[in-house]
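Colleague: Chains as they are written, first to last, in the working numbering: chain G, 1 to 322; chain R, 1 to 322.
Derived from the structure by calculation, the hints contain no laboratory data. Worth double-checking, as some hints may not be accurate.
The list makes no distinction among identical chains, and a pair is therefore deemed to hold if it is satisfied within one copy or across any two copies.
Under the rule of at most 16 Å between Cα atoms (straight-line distance), these lysine to aspartate or glutamate pairs were calculated in the EDC-like manner [what the hints assert, rightly or not]:
#1 K37 x D157
#2 K169 x E247
#3 K295 x D157
#4 K291 x D84
#5 K279 x E83
Number of protein chains: 2
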Amino acid sequence: MAKPYVIGIDMGGTNTAFGIVDARGNVIASDSIKTVKHADINDYIDELHTEITRVITANDAAGKIQGIGIGAPNANYYTGIIEDAPNLPWKGPIPFANMISEKFGIPCIITNDANAAAIGEMTYGAARGMKDFIMITLGTGVGSGIVINGQMVYGHDGFAGELGHVIVKRTNGRVCGCGRTGCLEAYCSATGVARTAREFLEIRDDESKLRNYDIESITSKDVYDCAIAGDKLAKEIFDYTGTILGEALADFTAFSSPEAFVLFGGLTKSGDLIMNPIKEAYEKNVLGIYKGKTKIMLSEMKESDAAILGASALGWEVKDTD
Amino acid sequence: MAKPYVIGIDMGGTNTAFGIVDARGNVIASDSIKTVKHADINDYIDELHTEITRVITANDAAGKIQGIGIGAPNANYYTGIIEDAPNLPWKGPIPFANMISEKFGIPCIITNDANAAAIGEMTYGAARGMKDFIMITLGTGVGSGIVINGQMVYGHDGFAGELGHVIVKRTNGRVCGCGRTGCLEAYCSATGVARTAREFLEIRDDESKLRNYDIESITSKDVYDCAIAGDKLAKEIFDYTGTILGEALADFTAFSSPEAFVLFGGLTKSGDLIMNPIKEAYEKNVLGIYKGKTKIMLSEMKESDAAILGASALGWEVKDTD
Chain G
1 MAKPYVIGID MGGTNTAFGI VDARGNVIAS DSIKTVKHAD INDYIDELHT EITRVITAND
61 AAGKIQGIGI GAPNANYYTG IIEDAPNLPW KGPIPFANMI SEKFGIPCII TNDANAAAIG
121 EMTYGAARGM KDFIMITLGT GVGSGIVING QMVYGHDGFA GELGHVIVKR TNGRVCGCGR
181 TGCLEAYCSA TGVARTAREF LEIRDDESKL RNYDIESITS KDVYDCAIAG DKLAKEIFDY
241 TGTILGEALA DFTAFSSPEA FVLFGGLTKS GDLIMNPIKE AYEKNVLGIY KGKTKIMLSE
301 MKESDAAILG ASALGWEVKD TD
Chain R
1 MAKPYVIGID MGGTNTAFGI VDARGNVIAS DSIKTVKHAD INDYIDELHT EITRVITAND
61 AAGKIQGIGI GAPNANYYTG IIEDAPNLPW KGPIPFANMI SEKFGIPCII TNDANAAAIG
121 EMTYGAARGM KDFIMITLGT GVGSGIVING QMVYGHDGFA GELGHVIVKR TNGRVCGCGR
181 TGCLEAYCSA TGVARTAREF LEIRDDESKL RNYDIESITS KDVYDCAIAG DKLAKEIFDY
241 TGTILGEALA DFTAFSSPEA FVLFGGLTKS GDLIMNPIKE AYEKNVLGIY KGKTKIMLSE
301 MKESDAAILG ASALGWEVKD TD
């Protein structure tokens, strides 16, 4: 018989959040630790074990955990290995699912963070009942989780769904963290917005509130604040960003013709400032047979819960050990 | 009990080929009629019925047909409707699966021609045993059929897999038959190769055997003949074409991380002339985690049989009517 709880873990480059989740998708308890604090992966796992065990005990959940699901950068669903994630403190391939499973004595499944978010959205969020949708996460980077015929797309090697690394500028594209140039992520992430701000301020000479900021440390939040205050150049930065994303989404539709794109992550807090240019560019660029069919919508999940819930849903997939 | 045969029909803008196929994928008999001959869809269906019935009777297959599978441009698997196919003589939506089914008294399933080719390749060709691959058809246009988790990708509306209409040139792109500009199809189809030849001949002034041809009527076959004869400019046309396709395939991998791309259609007869630049551009452009993992291969099916076999495989999907 299945046990009543699962653990969801969302590993980011800075923080790792975790929670105990019941079968209805209620986060019973949650907390977090610093990922960056540990240069040695074993120290990281030790602290994670200590903290999660504390929360399990405090909630009378010892012996009642069915499985552990983890969303982590560059995590491979098939192998359980995290492979060379550029934003994590540990280098080389890490057999993370096995390490966690052994430490806790509980079966563990991992997938990348954007896939975990997509699973969360399908199970508890805006994509409930959808069999074909694409989740786009707009944070420090751009991630994606693709669902087709009601199934996550993992690809033949477990690494499908890296839409942040589709090339949107074939010539003179920006350098991306992946080592190539012109990736979607270099334009449509929070850091991409900040780069656009710096570029616009350098090559143009019109007035802008953004000129009051230190150009080297401008953030997407600064651009948002200025745009909300009516700044024309700041608004144009969102138009530029949204247009590139809308054009890219139009191309993605030619692949899997999804019922919806669900957008998630920090940049979506900009609301219509980013959504309007995305929708406009999408409808203008999408192939005729797809026009007016695909929804572009915001995630319905609380950002703090979404990743934990998404990861936790994997915890129900583990084989029953009783 | 299933009957021993299916009918496969491959409807093209010019010809419609059909065949009787047994459960082992043997084409028992085949023939074709002219699609273009009939301005009225009902006349077309009448001739198709007469000719197929003749072949059925000649092969003692009356009453032994399980189902009819059809590959046709812009055909929707879910609805059975052909929607505004630009290369067919009939305008507006045509409920083709129902019309055929009623005329023959046999259940019928349709899908677009590239999907039919992918099903054929998965069932009988180079993609046997693969659960994740992408079929790219390089003919008058560029089509695609995508298989993920062992299933055809139809999308929420039945129109997924139009990779020929992904935008590869965002600025100053060529006008495409779909009404937009910069589509992959405008560069990497047989007609795209001919357009590249005309462009190169106009903007350059180096020697080429291609200058002996009437520039307005140059075909991809002419470019092939000149390249094989050692013509430098003709070879560069294939390099240009293959590079654009290789770059596009690298982006497609970021979507579904397929085990293989299977290339099919007239342009693939150019062999290494086109395959070498495709493979080179692919490996150069694909994201690091995918490097060296995905095969780019040629279809293993005879072009004349592939479409009939692929379409016929749909004939086995019909519900048993006995």
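Colleague: Reference check for the pair K169 and E247, CA-CA at most 16 Å: within, between, both, or neither?
Modeller: Both, since 11 Å and 12 Å are each at most 16 Å.
Colleague: Go through the copies and call it for K279 and E83: within, between, both or neither, with a Cα cutoff of 16 Å.
Modeller: neither (35 Å within a copy, 25 Å between copies)
Colleague: Under a CA distance limit of 16 Å, which applies to K291 and D84: within one copy, between copies, both, or neither?
Modeller: Classified as between; 14 Å across copies, 39 Å inside a copy.
Colleague: Which holds for K37 with D157 at a C-alpha limit of 16 Å: within a copy, between copies, both or neither?
Modeller: neither (31 Å within a copy, 48 Å between copies)
Colleague: Can you give me the call for K295 and D157, within, between, both or neither, at a CA distance of at most 16 Å?
Modeller: The answer is between: 13 Å across copies meets 16 Å, while 29 Å in one copy does not.
In summary, the structure is inconsistent with hints 1 and 5 from the numbered list given earlier, while agreeing with the others.
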